Amino acid sequence: MTDQYLLLPVLGHLTIAIALIFCWRRILVQQIISVAGNLLVLIMSIALFHKTWHQGHLTLQAGNWQAPFGITFVSDTFSATMLLLTAFTGLAVSMYSTVGISKNRIQYGYFPILHFLLVGLNGAFLAGDIFNLYVWFEVIIISSFVLMTLGGKKPQVEGGIKYVTLNLLASVMFLTAIAILYGLTGSLNMADLSLKMSGVSNRGLADIAGLLFFIGFGIKSAVFPLYFWLPSSYHTPPSAVAAVFGGLLTKVGIYALIRVYTLIFIPDDFTRTVFLIIASLTLLTGALGALIKENMRTLFSYLIVCHIGYLLGGLGLYTHLALAGTIFYLVHDVIVKTNLFLITGLVNKIRGTMNTEQQGGLYDQYPRLSILMAIVLFSLVGIPPLSGFWPKINLFRESMAYHAWYLLVAMILASFVTLFVIARLWGNVFWKKAPALESSPPDSFAGLSKGRKFMLVTPVVMLVLLSLYIGFFAERINVLSDRIAHELLDPAPYIKSVLGPDAVPATQTR
Amino acid sequence: MELLLLILIGVFYATGIFMMLRRSMVKLLIGIILLGNGANLLIFLLGGITRGKPPIIPEAEKALTGAYADPVPQALILTAIVISFGLQSFAIVLLKRVHVLIQSDDLNDLNTPDTSI
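Top line first, the protein sequences correspond to chains A and B. Under the working numbering, the first residue of the first sequence is numbered 1, with each subsequent residue one higher. Under the working numbering, the first residue of the second sequence is numbered 1001, with each subsequent residue one higher.
Just so you know, these hints were derived from the structure itself, not from any lab. None of the values given here were measured: they were computed from a predicted structure. Please note that a few of the clues may not be correct.
Stated by the list, open to error - What the simulated footprint calls covered on chain A by chain B, stretch by stretch (three residues with Cβ under 8 Å from a Cβ of chain B suffice, anywhere in the stretch; the number is not a length):
| # | stretch |
| --- | --- |
| 1 | 140-154 |
| 2 | 165-176 |
Unchecked claim - Simulated coverage check for chain B against chain A, where a stretch passes if three residues somewhere in it have a Cβ under 8 Å from a Cβ of chain A:
| # | stretch |
| --- | --- |
| 3 | 1023-1037 |
| 4 | 1043-1056 |
| 5 | 1074-1082 |
| 6 | 1093-1104 |
Backbone N, C-alpha and C fix where the C-beta goes; we use that ideal spot for every residue, glycine too.
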């Protein structure tokens, strides 16, 4: 059904970003506007989620040009969930940034760019038109380029080059795939493409377009042979920036991949096998990389790569249960990965270094903070009542049912390595006695005022509460992911909501 | 005409990827630009080339009749050109900044983030 307020989360962030540009040098005003604005967008996103949950698919035809001619925005349960996660992450990162980002960076436009990034993310989740999705992706990457290199330190711009090059290459791949798709079908609307793709006679070219999409989104979401840019760039920007990148940017690639491969292309056995093998290799290489790293953020960057494998594996299995598991894992991963990078920022503030070997004794000094961080770390591993555990049941079970033993082995190994790495990290950073260094950097956390400490710790607490909710009320998230998986595997309601009730021929059931 | 464009696109893609694989940063940039232009021409070609038939409805008629040029690919290319213009100008400034910092044009010298671990 048509809903005129669908774009509010996008327009909200856009308005805030423009308002922030007008307060260019006033740091305090920018901080207040950004946090308040994120709170407002969170309320809008909750409202949109509530509406989508109760009324089904919502659509908006831009300028009232009827689909497939105009640009369509669609909110189904998947989009609304992603918007909600983005809003939570945005609020947490924006609160953390008020203290965690240096004054210089704020003066050079950190907050406006952060909000432009959130505009792009929200737009990408709502886009119902493949070229529009491309445009939102470009909004995302140009903002992320600026956030990545803002500050202009040497490691930062060097990591920036790798990040920029690979993302530009991914965009060209994406554009090439769109060109082929348009040449084949003469349409750009995703619902319309879904109908027309089954009538395309040149299957070979259609498969090539599909694989080009996979390469394009694969670079963005850092799957096996295409992930090298991620560990060599994600540890260079400030922690708040790394948090929003780690939490959302790779996940938007996975979102687009799931969308394209459920709506437009239906993966055949060959594509599924490719997905499964690449997922297994992603899990293994990510885990192996994490084993040898001593810098906390590089270690977590490899864990991002590793855990993308679970998401891709679920898509490769392509059954109802596996997709539900993937969605559940996605929900858990966005919250936990964001929080993970926020706590590395906290540890860095306290110890002045990211190197785990040079740290220690955090548990003696800050017991309450350490317990908080323990919950995050062990949610990531998936110790049973915490959030990472539940989606793995689905994924393990389905890979056994599909006889994808290599994926099962890779998933178990990756879980085990994650546990090992986190346990070692816990021992090194929290339990071990602090090593006697000649010049230990000062603790810049203890000197902060109460209010500033509050702004640093509250976002972590908020995200911890969310991941505890995901863990202890797993049944509710299960209902949600079950519904999303159902909608993904049966695109008829999606197509009907965009193109009208008569669009789907009765004979075409998939 | 199609054949000519086809060859041109092939050359753009091939030289673009070749340039990206070189170690010089300037060649990397040229590679990205060539690839982007190749993709734009590909959209133009795959949208179908119709000569001298603009999609304008004559005054006496209510709808378009017969073959006419598809305006959508041109709108897409225009959008893509604007976007890639912005991205490329950012990339140029970034490369300049890196060149100032490391005093080298060689991509192999970009090792600070990997060795500082």
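Hints versus structure:
Three residues within the 8 Å Cβ limit are the bar, and the stretch 140-154 of chain A against chain B gives 7, so the coverage statement holds. For the stretch 165-176 of chain A, the stated coverage by chain B holds: 7 residues have a C-beta nearer than 8 Å to a C-beta of that chain, and at least 3 were required. Only when three residues or more bring their CB closer than 8 Å to a CB of chain A does the claim for the stretch 1023-1037 of chain B stand; here the count is 5, and the claim holds. As drawn, the stretch 1043-1056 of chain B meets chain A at 5 residues by the rule of a beta-carbon pair under 8 Å; at three or more, the given contact holds.
Residues of the stretch 1074-1082 of chain B lying with their CB closer than 8 Å to a CB of chain A number 3, which satisfies the three-residue condition for coverage. For the stretch 1093-1104 of chain B, the stated coverage by chain A holds: 6 residues have a C-beta nearer than 8 Å to a C-beta of that chain, and at least 3 were required.
Checked against the numbered hints listed earlier, the structure breaks none of them; every hint is satisfied.
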